[in-house]
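Student: Chains as they are written, first to last, in the working numbering: chain A, 1 to 388; chain B, 1 to 560.
Treat each hint with caution, since some may be false.
SDA-like, lysine to any residue: derived pairs with alpha carbons at most 25 Å apart [as the list claims (entries may be wrong)]:
#1 B/K80 <-> B/R131
#2 A/K374 <-> B/D15
#3 A/K374 <-> A/P299
#4 A/K171 <-> B/R29
#5 A/K11 <-> B/R131
#6 A/K11 <-> B/G27
Distance ranges between label pairs, derived from CB positions [unchecked claim]:
#7 A/F19 <-> B/S18: 29 to 39 Å
#8 A/N49 <-> B/G142: 32 to 42 Å
#9 A/M240 <-> B/S18: 42 to 52 Å
#10 B/S98 <-> A/R25: 55 to 65 Å
#11 B/G142 <-> A/R25: 32 to 42 Å
Going by beta-carbon spacing under 8 Å, a handful of chain A positions derived as facing chain B [what the hints assert, rightly or not]:
#12 V128
#13 V174
#14 N261
Bear in mind the hints are in silico, worked out from the structure with no lab data behind them.
Where a beta carbon is used, it is the ideal one built from N, C-alpha and C, also for glycine.
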Amino acid sequence: MADGQELGLRKFVAPEFVFGEGASRLAARHAINLGARRPMLVTDAGLINSGWSRMLEEELRSAGLECVLFSDITANPKDHEVMAGEELYRCEGCDALVALGGGSVLDCAKGIGVVNACGGHITQYEGVDTIHSPLPPMVCIPTTSGSSADVSQFAIITDTTRKVKIALVSKMLVPDVSLLDPIPTTTMSAALTAETGVDALTHAIEAYVSNANSPVTDMFALESMRLVHRWLVHAVRDPMHIKARSQMCLASLDAGLAFSNAILGAVHGMAHSLGGSLDLPHGECNAILLGPVIAFNFPSAPRRYRKVAKALGCAVEGLPDDEVLDMLLGAVKMLRAEVNLNRNLGELGVTRADIPRLAGLAMQDPCILTNPRKPAQADLEAIYEAAL
Amino acid sequence: MKRRSDAPQESAPEDLESLRDKLMGLGERSMRKSYYPELRARMEELERFRTLLDNASDLIFVIEADSGRITDINETALRKMGATREQMDGTFLHTLLSPGQEQALAGLLRGEADTLQSSVVFNLPLAGGGRFPAEITTSVLGLDHRSLAVVMARDVTARLESQRELARAWGYLRSIVDAMPSLLVGVNETLQITLMNAHCAAMTGVGAGDVQDVGGTKGKLLSDVLPWLPELPGALLETMKDGNTRTLRRLPGKGPDGTAWYDVTIFPLNQGRHEAVARIDDVSSRVRMEEVLMQTEKMLSVGALAAGMAHEINNPLAGILQGVQSVLRRFSPDLAANRAAAQRAGLDLDVMNAYLDDREIPSMLRSVQESGIRASRIVSNILEFSRRSDMSKAQVQLSQLVDKALELAVNEFDLKKKYDFRHVRITRVDAPDLPSVWCVPTQIEQVILNLLKNAAQAMAAAGTVEPAITVRTGWCDGMACAEVEDNGPGMPESVRERVFEPFFTTKGVGEGTGLGLSVVYYIVVEQHEGRVGVRSAPGEGAAISIRLPMNGQEGPSRRG
Chain A
1 MADGQELGLR KFVAPEFVFG EGASRLAARH AINLGARRPM LVTDAGLINS
51 GWSRMLEEEL RSAGLECVLF SDITANPKDH EVMAGEELYR CEGCDALVAL
101 GGGSVLDCAK GIGVVNACGG HITQYEGVDT IHSPLPPMVC IPTTSGSSAD
151 VSQFAIITDT TRKVKIALVS KMLVPDVSLL DPIPTTTMSA ALTAETGVDA
201 LTHAIEAYVS NANSPVTDMF ALESMRLVHR WLVHAVRDPM HIKARSQMCL
251 ASLDAGLAFS NAILGAVHGM AHSLGGSLDL PHGECNAILL GPVIAFNFPS
301 APRRYRKVAK ALGCAVEGLP DDEVLDMLLG AVKMLRAEVN LNRNLGELGV
351 TRADIPRLAG LAMQDPCILT NPRKPAQADL EAIYEAAL
Chain B
1 MKRRSDAPQE SAPEDLESLR DKLMGLGERS MRKSYYPELR ARMEELERFR
51 TLLDNASDLI FVIEADSGRI TDINETALRK MGATREQMDG TFLHTLLSPG
101 QEQALAGLLR GEADTLQSSV VFNLPLAGGG RFPAEITTSV LGLDHRSLAV
151 VMARDVTARL ESQRELARAW GYLRSIVDAM PSLLVGVNET LQITLMNAHC
201 AAMTGVGAGD VQDVGGTKGK LLSDVLPWLP ELPGALLETM KDGNTRTLRR
251 LPGKGPDGTA WYDVTIFPLN QGRHEAVARI DDVSSRVRME EVLMQTEKML
301 SVGALAAGMA HEINNPLAGI LQGVQSVLRR FSPDLAANRA AAQRAGLDLD
351 VMNAYLDDRE IPSMLRSVQE SGIRASRIVS NILEFSRRSD MSKAQVQLSQ
401 LVDKALELAV NEFDLKKKYD FRHVRITRVD APDLPSVWCV PTQIEQVILN
451 LLKNAAQAMA AAGTVEPAIT VRTGWCDGMA CAEVEDNGPG MPESVRERVF
501 EPFFTTKGVG EGTGLGLSVV YYIVVEQHEG RVGVRSAPGE GAAISIRLPM
551 NGQEGPSRRG
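Build the full structure now, drawing on both the sequences and the hints.
Tutor: Okay, structure coming up:
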């Protein structure tokens with residue numbers, strides 16, 4: 001069906017965004033235009049250390065904005081971090097959010113906005129369309145090229161009580177403005193560049209083969225795959241390669257526009273399960289699971305996977321499906337090797353005993369719903385097994 | 001897909017389909033974030049609020065707390081002051097006030113005066129000229145890092161007017177209550193004083209501040225304020241209980257001049273509270289008047305009786321005197337008719353007279369004559385009293401009258417009555433500069449004589465060992481005063497109260513007529529508009545005083 005041509009209703013939502021070198025310098029202007037007087041700058045320790053946070057803070061202050069800093073955020077942002085941030089936001093009388101960081105920071109900022117607008121606890125808003133009031137104005141400056149939280153309708157927060165990642169899905173979560181600037185991404189480590197780049201690739205592939213795909217998202221998805229294939233290795237090997245950084249920004253943007261509207265698939269469903277229960281890095285989990293999921297899904301969308309393979313540089317013209325699959329899996333494996341993401345789940349500490357629980361959680365992840373092939377829990381267990 | 005629910009892993013296909021639609025943004029509630037719905041709700045709220053403010057009956061200003069600059073104002077204020085929003089924009093609130101009120105406003109904004117506790121009235125300009133009194137309350141609040149003050153002004157013209165009216169009415173009623181010569185005192189059911197008029201406050205020496213306040217905490221107790229009317233509390237409580245008005249008559253109590261009598265009327269207050277009010281009237285003068293009237297009444301009837309008797313006695317007495325006179329004349333040898341009659345009868349007048357003299361008949365007849373004359377004088381005296389004539393009033397020295405009276409007293413040696421002035425030590429104390437008094441000298445002589453005799457008789461009857469009488473003359477309260485004091489047995493109150501009553505006597509039958517002191521009373525009070533007084537206690541002697549007005553010459557006695 002995902003492979004078919006018939007088309008139901010499709011919606012496309014994207015934030016206002018500015019792309020290009022120096023886009024992040026426009027943060028103050030956009031915050032002011034959105035009515036901010038006392039924004040909260042949400043970021044993390046890494047960006048404070050790299051100096052990007054201070055630079056942005058000074059720009060906001062020099063524009064006359066009283067800036068409140070919140071940076072107590074870890075990877076896979078936790079519910080209590082969101083609640084602490086919201087309390088600070090409320091107590092300080094903040095009126096807008098300026099988020100500077102990777103997916104964790106942006107998702108946490110979204111969480112702060114949700115709790116501030118709707119009250120209660122962040123875990124109340126798990127699910128789709130549960131947010132009833134608009135969030136405060138939000139300006140996003142992504143410093144990684146991969147999470148695409150700066151354009152997506154998703155926020156993934158860890159429920160530390162139940163030890164699961166919960167997904168908040170709502171068009172309300174689409175930021176007001178995203179400033180996509182390659183410059184801040186230059187301070188990413190090679191490993192982070194690789195992880196986020198593969199994340200972007202996974203977004204693009206999953207959106208493309210999603211049963212909610214559309215012609216509009218297809219364009220962004222395929223272009224994103226091509227850009228990752230072309231530029232990720234450069235970006236990993238040469239951090240200051242502005243052209244590569246810039247193109248990876250674009251790849252992330254394209255992938256984000258695609259998956260925010262066409263949604264994802266089993267890779268993300270299963271990666272969320274790993275991140276929630278074992279706090280494993282999201283990008284690396286995606287890199288590990290991508291191949292086994294492609295192998296599982298391929299029969300349901302062979303024509304689409306053929307185009308994926310093509311976008312990733314495989315010469316698949318006229319080849320039979322099974323060869324296309326082999327080439328595609330090979331391309332993925334090669335990319336992982338080139339960016340040094342070779343570990344498997346076993347090396348990350350996952351044991352066979354974890355698998356039934358991981359599969360059970362993944363079965364309940366909304367991303368599974370748009371996977372081109374409907375899996376049974378046993379299928380997911382087999383995939384985890386293959387990725388060990 | 002909610003993990004929280006315990007939904008089975010395999011949800012119904014329709015549910016999964018609709019969840020997928022929602023993920024794709026096709027759910028009913030899926031929309032890009034928009035502030036418009038809330039904005040519109042807020043705008044409507046604002047509009048309602050604005051309407052509310054503009055239609056409020058109070059004038060509302062929003063001003064900068066430190067400068068007093070008006071930043072917002074409601075329609076009521078504009079209408080009331082006859083100004084437009086443009087005129088008001090940027091003006092300062094204190095420029096609208098009457099001169100001299102700026103400081104008070106500044107104090108209000110600094111929070112120095114608590115407008116919740118005390119209202120502050122300012123004068124604001126009125127549309128079409130003039131000013132109106134406005135009670136102002138302020139609340140200062142921080143907004144947008146500025147200190148703003150919401151100033152609410154309420155036109156209190158009508159209220160002030162009604163307050164004045166109320167105060168005037170209250171003052172009017174209060175002054176009526178205070179002007180009453182009665183004592184008014186109100187109490188509640190615990191007998192705490194809730195009301196007291198000025199007269200009562202002055203009388204009891206209690207300040208108005210001691211009257212129970214609204215809180216009812218510091219009311220004085222009735223028994224502390226009016227201890228000398230012990231019957232009052234019980235009567236008040238009864239009235240509160242049964243709601244009936246009651247009157248207590250002639251309660252003895254304390255007055256400015258000692259003992260006094262009061263009439264008390266008690267009525268319930270029907271104000272929803274359990275209270276009763278007592279009206280206390282000093283009726284001492286009326287009581288005394290009544291007593292005097294009773295006395296006078298009694299005396300008048302006795303006087304009339306005596307006058308009638310005297311008149312009736314006078315005729316036979318005249319016959320007796322005439323008869324005695326004729327008998328004496330007809331014994332006389334000097335008359336030709338006597339001699340002729342004796343010759344016809346062959347009687348020697350000289351022999352007869354020798355016989356008569358020998359048997360002392362002429363002296364007996366003269367004794368009859370003297371007694372008759374004396375009786376006649378008494379009768380004429382009684383008649384004189386009853387005529388209450390002041391015909392023979394003259395200007396005389398009181399001390400001279402005392403001299404004559406003493407002379408008479410000493411001569412009235414009376415064995416039968418067992419008293420003798422020669423055994424009584426008489427002391428005279430005369431004020432040296434006493435002017436003469438306008439009076440009937442013989443009557444006042446009689447008065448003093450009666451007083452002396454009364455004292456001497458009392459001492460003799462009691463067997464006082466060294467009887468002594470002190471007679472004083474002098475001044476007393478602007479009147480001439482004479483007092484006769486003895487060191488005799490004195491008298492109890494029961495006697496003292498009745499000494500001036502006619503025919504009241506402590507002596508045995510035949511020893512006294514009971515008229516002596518009532519004659520004193522008549523002469524002094526009725527004939528001379530003076531006063532009589534008794535000072536006595538058992539074993540301490542007695543002093544009876546008379547006072548005579550000095551200005552008696554100005555006219556005849558009203559009763560003359």
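Student: Confirm or reject each hint.
Tutor: Now the hints, each set against the structure:
no. : hint                         : result
1   : B/K80 <-> B/R131             : holds, 10 Å
2   : A/K374 <-> B/D15             : holds, 15 Å
3   : A/K374 <-> A/P299            : holds, 11 Å
4   : A/K171 <-> B/R29             : holds, 9 Å
5   : A/K11 <-> B/R131             : violated, 66 Å
6   : A/K11 <-> B/G27              : holds, 10 Å
7   : A/F19 <-> B/S18: 29 to 39 Å  : holds, 35 Å
8   : A/N49 <-> B/G142: 32 to 42 Å : holds, 37 Å
9   : A/M240 <-> B/S18: 42 to 52 Å : holds, 48 Å
10  : B/S98 <-> A/R25: 55 to 65 Å  : holds, 58 Å
11  : B/G142 <-> A/R25: 32 to 42 Å : holds, 34 Å
12  : V128                         : holds, 4 Å
13  : V174                         : holds, 6 Å
14  : N261                         : holds, 7 Å
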